[in-house]
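K.L.:
Sequence:
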Amino acid sequence: MTTPPTRPAEISHGAGWLAHGFHIDVHSHRDGQLVYPASGVLATTTERGTWVAPANRVTWTPPGFEHSHRFYGRTDVRLVVIPEPLCGALVAHPGVFAVNPLLREALLTLTERQDASSGAYQRLRAVVIDELVEAPDQSLHLPEPRDDRLRVVTELLRADPARSETLTELGRTAGASGRTLSRLFRDEFGMSFHRWRTILRIHHALIELTNGRSVTDTAIACGWSNPTSFIEAFTAVVGQTPGRYQAGLRGGQ
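Per the working numbering, the very first residue in the sequence shown carries number 3; after that it's consecutive.
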């Protein structure tokens with residue numbers, strides 16, 4: 003059963019465990035916000051699309067962006083507020099960034115401290131900002147389409163990521179040729195159809211693995227023809243194998 007949505011005020015700076023399916027409704031912040039799932043998976047959605055973060059990523063939402071959150075698996079969530087005057091050092095749009103060992107420990111330490119006004123806290127927060135400036139953007143981002151024909155295709159695939167039709171075949175439902183849709187993917191999303199579908203499948207794979215599904219069953223459920231091709235794609239996008247990712251989940255419990 004999906005946990006009902008919560009008001010934003012029910013989640014504040016710090017650390018806490020959230021149940022699978024926990025949802026925070028659309029809201030915005032005066033300041034910037036980092037949300038780090040130390041275990042579990044976080045999906046953050048804005049009008050620009052959806053960003054997914056497993057435990058080796060941290061999400062960044064600048065001030066003023068309306069967004070919502072959904073958590074998959076039992077999630078150890080860590081929230082750090084970045085005061086608006088300090089946000090200029092970070093990118094001006096939502097994103098997801100790689101978490102190296104130093105950044106992970108800094109985020110864990112910050113969210114276990116209560117006094118955000120102390121000098122030690124502010125110095126450690128400055129370290130986090132410096133690390134994020136240098137961290138690669140690894141967004142696992144699925145943009146939202148503007149074109150109605152593109153929206154038909156993306157909704158079909160979101161409903162069933164394992165669909166194997168070609169873009170030309172999907173275009174028959176959308177009323178557009180494969181060539182037109184290919185151009186739309188590049189113009190609107192800045193990526194190929196193949197890349198977009200791979201990221202979509204990785205989104206679903208992260209959720210399946212977090213819920214304890216085997217690597218082989220996850221590969222089949224998400225549309226890969228065999229576990230080897232799934233492992234290669236997952237490793238290229240997430241930065242670790244599906245097996246290592248699941249082992250990390252068990253280690254964090």
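No lab work stands behind these hints, which were simulated from the structure alone.
No residue lacks a Cβ here, since even glycine has one placed at the ideal position from N, Cα and C.
Honestly, I wouldn't trust all of these hints.
[Unchecked claim] Here are the computed distance ranges between Cβ atoms for each label pair:
| id | residue 1 | residue 2 | range |
| --- | --- | --- | --- |
| 1 | V93 | A161 | 29 to 35 angstroms |
| 2 | A91 | E49 | 23 to 29 angstroms |
| 3 | R32 | S179 | 27 to 33 angstroms |
| 4 | E234 | G177 | 32 to 38 angstroms |
| 5 | D189 | A91 | 39 to 45 angstroms |
| 6 | P103 | E234 | 21 to 27 angstroms |
| 7 | D117 | R197 | 41 to 47 angstroms |
| 8 | D117 | R181 | 43 to 49 angstroms |
| 9 | R115 | R246 | 26 to 32 angstroms |
| 10 | L88 | R174 | 49 to 55 angstroms |
| 11 | T175 | Q124 | 33 to 39 angstroms |
K.L.:
All hints, please: hold or fail.
P.N.:
Cross-check of the supplied hints:
1. Under the hint 29 to 35 angstroms, the C-beta atoms of V93 and A161, about 31 angstroms apart, fit the expected range.
2. Between A91 and E49 the beta carbon distance is about 24 angstroms. The supplied range of 23 to 29 angstroms therefore holds.
3. Separation of R32 from S179 is about 46 angstroms and departs from the stated range, judged on CB atoms against 27 to 33 angstroms.
4. Here the CB-CB span from E234 to G177 is close to 34 angstroms, well matched to the stated 32 to 38 angstroms.
5. Between D189 and A91, the C-beta spacing of about 31 angstroms breaks the proposed range 39 to 45 angstroms.
6. Between P103 and E234 the beta carbon distance is about 25 angstroms. The supplied range of 21 to 27 angstroms therefore holds.
7. Between D117 and R197 the Cβ separation comes to about 44 angstroms, which falls inside the hinted range of 41 to 47 angstroms.
8. Checked against the hint of 43 to 49 angstroms, the C-beta distance between D117 and R181 comes to roughly 59 angstroms, which is inconsistent with it.
9. Restraint check, R115 to R246: a C-beta distance of roughly 30 angstroms satisfies the suggested window 26 to 32 angstroms.
10. For the hinted restraint 49 to 55 angstroms between L88 and R174, the CB-CB distance of approximately 51 angstroms keeps it satisfied.
11. A hinted range of 33 to 39 angstroms is violated for the C-beta pair T175 and Q124, which are about 54 angstroms apart.
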